[in-house]
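2 protein chains.
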Amino acid sequence: MAEPKENVLMEKIVSLCKRRGFVFQSSEIYGGINGFWDYGPLGAELKRNVKELWWNSMTRLRDDVVGLEATIIMAPQIWKASGHVETFADMMRECPMTRKRVRTDQVEPQSGSVVKFTGAVSNPKPEVHDDYLTTIETSASSFSNAANNREAINNCVKSVVSVKHSGASDLDERVEEETGIFWANHCTHASTEFSILLPAGKPVESAKKSAISFYQSLGVENPVLLGGVTEKVEDSTDFHPESGVKLGPSRPFNLMLQTYVGPIQSEENIAYLRPETAQAIFAQFKNVHETSRQKVPFGIAQVGKAFRNEVTPRNFTFRSREFEQMELEFFIKPDEAVEAIHGNVAVPTAPGHPGEPQPNWGWQMWHQYWVEERVRFYEGIGLSRATLGFHIQTPEELAHYARATTDILFKFPFSKVDEQGEVKGDELEGVAARSDFDLSQHERHSGKAMGVFDEDLRTAWGKLAPEKQKELRQRYYEARKKYLTKTAREGDSPEKIEKEAQEDADGLAKGQYIPHVIEPSAGVDRLILALLANAFTETTSTDEKGKSEVRTVMKFHPRVAPVKVGVFPLLKNKPELVAKAKEVFQLLRGHMLAFYDETGAIGRRYARQDEAGTPFGVTIDFDTLGEKPELLNTVTVRHRDDGAQERIPISELPGWLLARVK
Amino acid sequence: MAEPKENVLMEKIVSLCKRRGFVFQSSEIYGGINGFWDYGPLGAELKRNVKELWWNSMTRLRDDVVGLEATIIMAPQIWKASGHVETFADMMRECPMTRKRVRTDQVEPQSGSVVKFTGAVSNPKPEVHDDYLTTIETSASSFSNAANNREAINNCVKSVVSVKHSGASDLDERVEEETGIFWANHCTHASTEFSILLPAGKPVESAKKSAISFYQSLGVENPVLLGGVTEKVEDSTDFHPESGVKLGPSRPFNLMLQTYVGPIQSEENIAYLRPETAQAIFAQFKNVHETSRQKVPFGIAQVGKAFRNEVTPRNFTFRSREFEQMELEFFIKPDEAVEAIHGNVAVPTAPGHPGEPQPNWGWQMWHQYWVEERVRFYEGIGLSRATLGFHIQTPEELAHYARATTDILFKFPFSKVDEQGEVKGDELEGVAARSDFDLSQHERHSGKAMGVFDEDLRTAWGKLAPEKQKELRQRYYEARKKYLTKTAREGDSPEKIEKEAQEDADGLAKGQYIPHVIEPSAGVDRLILALLANAFTETTSTDEKGKSEVRTVMKFHPRVAPVKVGVFPLLKNKPELVAKAKEVFQLLRGHMLAFYDETGAIGRRYARQDEAGTPFGVTIDFDTLGEKPELLNTVTVRHRDDGAQERIPISELPGWLLARVK
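Residue numbers (the numbering used here), protein chains in the order written: chain A, 1 to 662; chain B, 1 to 662.
No lab work stands behind these hints, which were simulated from the structure alone. We put the CB at the ideal spot given by N, CA and C, even for glycine. One thing to keep in mind: the hints can contain errors.
As the list claims (entries may be wrong) - Heads up, simulated SDA-like pairs for lysine to any residue below, C-alpha to C-alpha not over 20 Å straight-line: (1) B:LYS662 - A:GLN294; (2) A:LYS582 - B:VAL524; (3) A:LYS51 - B:TYR260; (4) B:LYS572 - A:GLN294; (5) A:LYS51 - B:LEU53; (6) A:LYS662 - B:LYS572; (7) A:LYS662 - B:TYR260; (8) A:LYS305 - B:ASP64; (9) B:LYS582 - A:GLY655; (10) A:LYS305 - B:LYS662; (11) A:LYS51 - B:SER57; (12) B:LYS662 - A:GLY655; (13) B:LYS662 - A:GLU52; (14) B:LYS662 - A:GLU268; (15) A:LYS51 - B:LYS572; (16) B:LYS662 - A:GLY262; (17) B:LYS100 - A:GLY32; (18) A:LYS582 - B:GLU276; (19) B:LYS448 - A:GLY262; (20) A:LYS18 - B:LYS572; (21) B:LYS12 - A:LYS305; (22) B:LYS582 - A:GLN294; (23) A:LYS295 - B:LEU53; (24) B:LYS580 - A:ASP63; (25) B:LYS305 - A:ASN287; (26) A:LYS305 - B:LYS295; (27) B:LYS305 - A:GLU268; (28) B:LYS305 - A:TRP55; (29) A:LYS305 - B:GLU276.
Unchecked claim - Per the computed footprint, the stretches of chain B lying under chain A, defined by three or more beta-carbons under 8 Å from a beta-carbon of chain A, are: (30) 13-21; (31) 28-35; (32) 253-264; (33) 268-282; (34) 342-356; (35) 377-385; (36) 459-465.
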């Protein structure tokens, strides 16, 4: 059970983040807002570096990927086509009293006494009694005393009815019937069950009080409670953690934040804050394809904010309501097209990176390729393979349109230990093979063709043996039919689906298809948190007087470190040192983020930069000025991680540093 | 009247943006969403470059500015403190029929015939007549024929009343009274005016139809219209441009997009999408100040999305509903503190850039400094001073807390020509001197101290002559009192304000104050549009056959150009040329965004890159391979803007290009 230790570590990280300006709680001076986090000066630089590295490696340094920057608010039809309006939901249960919701799978088990009410009826108002009493011709005075007692009213009604119908053979039935009519006409009632877990030591009265206010909220005036039996429960997940009230049934709760765009708050003006950046890429696929001179296989990359109304944001910035994504949608030919053109489809034969993309790769090769590309990216910014984990989604976990998804995990301090005592990690990124689902959905919902024409395929198809043509056509037809059937909408008859699938298969022979897609989708904030956790190191140093001090060193990879180099004159009160240090600082800052510091002892300044994660420290001392002539115009470069120092000429400094921080 | 020409130019720019992938309409395949625009591959790079240049020049290359990256959704209290919940509104008028709103100042004048109704009454239902007729004891048959005619009913009532009260001296009054009682009891009516402008050629019937459906919507069943007079109007701005219905009164309409965060859609969970990035900086001022080791004067910079529910988004990306801002809040000492420390306050004496910041600068110097710094920034990315304009806000235009605001304008193709025949331009950026209003507001609303302690001030204050202390204290006191009075809330009595202002003034003597702020606030999307408009150039070239062609050249400054260099083998079918060209491409792409193109004639490839705005083209020809030995390993570099070519050794190419694109 490593939990307590892990929490201590998370607390230390959170505390450092606030102390050094990496991450602040959003709106902190107003008590914060749950699930929202701001990046302070160091955090903002760290995040910029990560996004810039992703963008460079995913688009600028690739021939086959271009960028996109789409809006957060898009036409709501996009989220209908994507399925988000209907199915992007958590299963939730609501407390019927406070209306507060909890995620069904996140209710902590509770034990104790439960008081269960079966319903409530309102006591009738005096004027109603009068009315009724006149009707049943009995004395008003004897009845009104009983006004607050249902039992008494029932008896009264019964006795009157007995008199009216005395001797009738169906007397009991008549009594029951007329009593029922009385209550139906003159009282409100609710037969909704209300159960509440009694906190230890609380009297049953408190449960009654809650029940009364609950039934009042249902419109039962002056309610008389029915039921009220107490029973024991053990480890039940049926009760709200705060109110103790028995939860309603599990229902889907949409996670998209909703707003209205335009001057009227009407149904037609509903818009959503995107819950992912991916859909914008699909919606703009044709525009990008037509303007970028790219041919399938190629990708479109985007970095941007997304929003999810998470019910229980947690684990610091790991699960927040506003977050940033870095997503690539990489469009590939369907395997049938690859086989038509190249005669075969290459499939993975060994684990690891499959090397440079080849034209005969099928979707499985591309999927493996992107998983491994992404792992290389993480390794390149300091997350070694040992800190990562993988989760290959099981058929049950996969979305219905997905063919495979591999989650790349990082072993966070809060990641759980499994039965084997191992930490598997939590998701940094998912790499999904999404078939042609997304573009197909947008084609059907928008009525705009999303397919591409592939000259190579058309040419190759003509040269195929008829047998091969038939086989490939059949496979493509089956796949399309399966998609069309699974996503059938009202009015999509089997005949219509059959016809469309046949048309799609005919298109293939003409060089037309809807591209398939591999989606490496990463969360920026999670990655930042992983980098913070990975960098966090405590060292204990003991000074000459034997006094030991625990210091924090943030061992960021130089590529992501917010500040690349600290520049320090050895002493503040020596103008020559200060002037030279400022000269070096000016020389470096054009190339990278540099920080000049002259305040305090040099050790103190090193320590401050260690805590900020600055990988290199440059000190200008008297040797720099030529005290030892052979060291003139050289500086001491100190390495953050081991404190090692080396002497480097100022003229070589920019190149030396750039080679290490780029 | 240059309008038609200008619109043609805007159309060309919009068309190029779509054709070349600079800007697409958001959600285009679904018919778009008004006021939202996506950036395609070239646009995304252009925007990234601009944001990166701003960030570098505003934070990384300055000692006195640090960055922040805050969330779009923040605690709603922030927008109460900032005044946005109450006053961030456009004056709007609503069509009472369609509920569609228009901005009061943007209704186009219309002329024509107006049909004016004064109200409507419902024809009573038959059972009501029966009821009434029974009551007034007259024959039911004679009355029901008149059921559809108010006049007839009135007469009928009158005659009955006459009979009942025949000979009474107050007969007329009684008739009127009983008639009134009849209508009040048995009919619904509406006395709301409804006027509608008749489109030319439309019959009055159409106006009646609209009026009937309008009064029905007010709950008048089966309405009989009252009034119906037709009159002429000239150039009236009182009618809705679409429905023609007379608009309701001008009312404020809040421009913030609203959503709910958390599991319940209740008042307490309302949140807003930020309408500006500035407030996050104020809300995090203390956190940043405490963690960044900065002292006033210093600034906090942020780039990020903001949202405004503009009623009429227009001028392409100029006024959109989702946009991006680059904002700096630069915090300075109040003038009283500057004077206490330095003995005087420097004020502007000449136009232009005042040079390096000095410790004795007052707010006016800082304001001038930031206006000029920002102009330098624009000049540095290709917007010459001649393309810019300035608008110094008049006292009437200034926000009540602002001391001065200078808007930096750009002469867009849609910018209006003024009476003097000059184009003034539209706002790119506002540089505002906002006093200590923002931090003061957050201090009062959050209850958290937002002031700073200034050691220099405390030390200096002790050495001031008592007369000087008194004078400065008095000035500071007056300013604080003015702020506290203007923003007084319920319960802020004059005594309380007096006391607080005195305390604030006492604080100054102890080295405490709330910093003032200068805010250069720029719109990214507007700047991108300015860069596109500024770069857009058409050239007509005539080939040997005398055929002339109009070509577009996007003359972006190399710093912002999406692609920095195109690399072309002279011929595609010469493997040596292709191999060498790919080698050069690999050499360059590590340093800058490069584009390799081997398809089509070299002139065609140049033209494509001219249209994308690529400033340099590198061609690998046979001389590169050594056909002329003295030119071995040199390439032709072509300049986009004038087509000039020069020969440069490959080894010098990266440095040569970097010096021009950085």
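Going through the hints against the structure:
{"no.": "1", "hint": "B:LYS662 - A:GLN294", "in the structure": "28 Å, violated"}
{"no.": "2", "hint": "A:LYS582 - B:VAL524", "in the structure": "33 Å, violated"}
{"no.": "3", "hint": "A:LYS51 - B:TYR260", "in the structure": "29 Å, violated"}
{"no.": "4", "hint": "B:LYS572 - A:GLN294", "in the structure": "18 Å, holds"}
{"no.": "5", "hint": "A:LYS51 - B:LEU53", "in the structure": "16 Å, holds"}
{"no.": "6", "hint": "A:LYS662 - B:LYS572", "in the structure": "34 Å, violated"}
{"no.": "7", "hint": "A:LYS662 - B:TYR260", "in the structure": "42 Å, violated"}
{"no.": "8", "hint": "A:LYS305 - B:ASP64", "in the structure": "28 Å, violated"}
{"no.": "9", "hint": "B:LYS582 - A:GLY655", "in the structure": "26 Å, violated"}
{"no.": "10", "hint": "A:LYS305 - B:LYS662", "in the structure": "28 Å, violated"}
{"no.": "11", "hint": "A:LYS51 - B:SER57", "in the structure": "19 Å, holds"}
{"no.": "12", "hint": "B:LYS662 - A:GLY655", "in the structure": "17 Å, holds"}
{"no.": "13", "hint": "B:LYS662 - A:GLU52", "in the structure": "16 Å, holds"}
{"no.": "14", "hint": "B:LYS662 - A:GLU268", "in the structure": "47 Å, violated"}
{"no.": "15", "hint": "A:LYS51 - B:LYS572", "in the structure": "36 Å, violated"}
{"no.": "16", "hint": "B:LYS662 - A:GLY262", "in the structure": "41 Å, violated"}
{"no.": "17", "hint": "B:LYS100 - A:GLY32", "in the structure": "37 Å, violated"}
{"no.": "18", "hint": "A:LYS582 - B:GLU276", "in the structure": "36 Å, violated"}
{"no.": "19", "hint": "B:LYS448 - A:GLY262", "in the structure": "36 Å, violated"}
{"no.": "20", "hint": "A:LYS18 - B:LYS572", "in the structure": "57 Å, violated"}
{"no.": "21", "hint": "B:LYS12 - A:LYS305", "in the structure": "31 Å, violated"}
{"no.": "22", "hint": "B:LYS582 - A:GLN294", "in the structure": "18 Å, holds"}
{"no.": "23", "hint": "A:LYS295 - B:LEU53", "in the structure": "32 Å, violated"}
{"no.": "24", "hint": "B:LYS580 - A:ASP63", "in the structure": "17 Å, holds"}
{"no.": "25", "hint": "B:LYS305 - A:ASN287", "in the structure": "23 Å, violated"}
{"no.": "26", "hint": "A:LYS305 - B:LYS295", "in the structure": "32 Å, violated"}
{"no.": "27", "hint": "B:LYS305 - A:GLU268", "in the structure": "24 Å, violated"}
{"no.": "28", "hint": "B:LYS305 - A:TRP55", "in the structure": "19 Å, holds"}
{"no.": "29", "hint": "A:LYS305 - B:GLU276", "in the structure": "16 Å, holds"}
{"no.": "30", "hint": "13-21", "in the structure": "holds (count 4)"}
{"no.": "31", "hint": "28-35", "in the structure": "holds (count 8)"}
{"no.": "32", "hint": "253-264", "in the structure": "holds (count 9)"}
{"no.": "33", "hint": "268-282", "in the structure": "holds (count 3)"}
{"no.": "34", "hint": "342-356", "in the structure": "violated (count 0)"}
{"no.": "35", "hint": "377-385", "in the structure": "violated (count 0)"}
{"no.": "36", "hint": "459-465", "in the structure": "violated (count 0)"}
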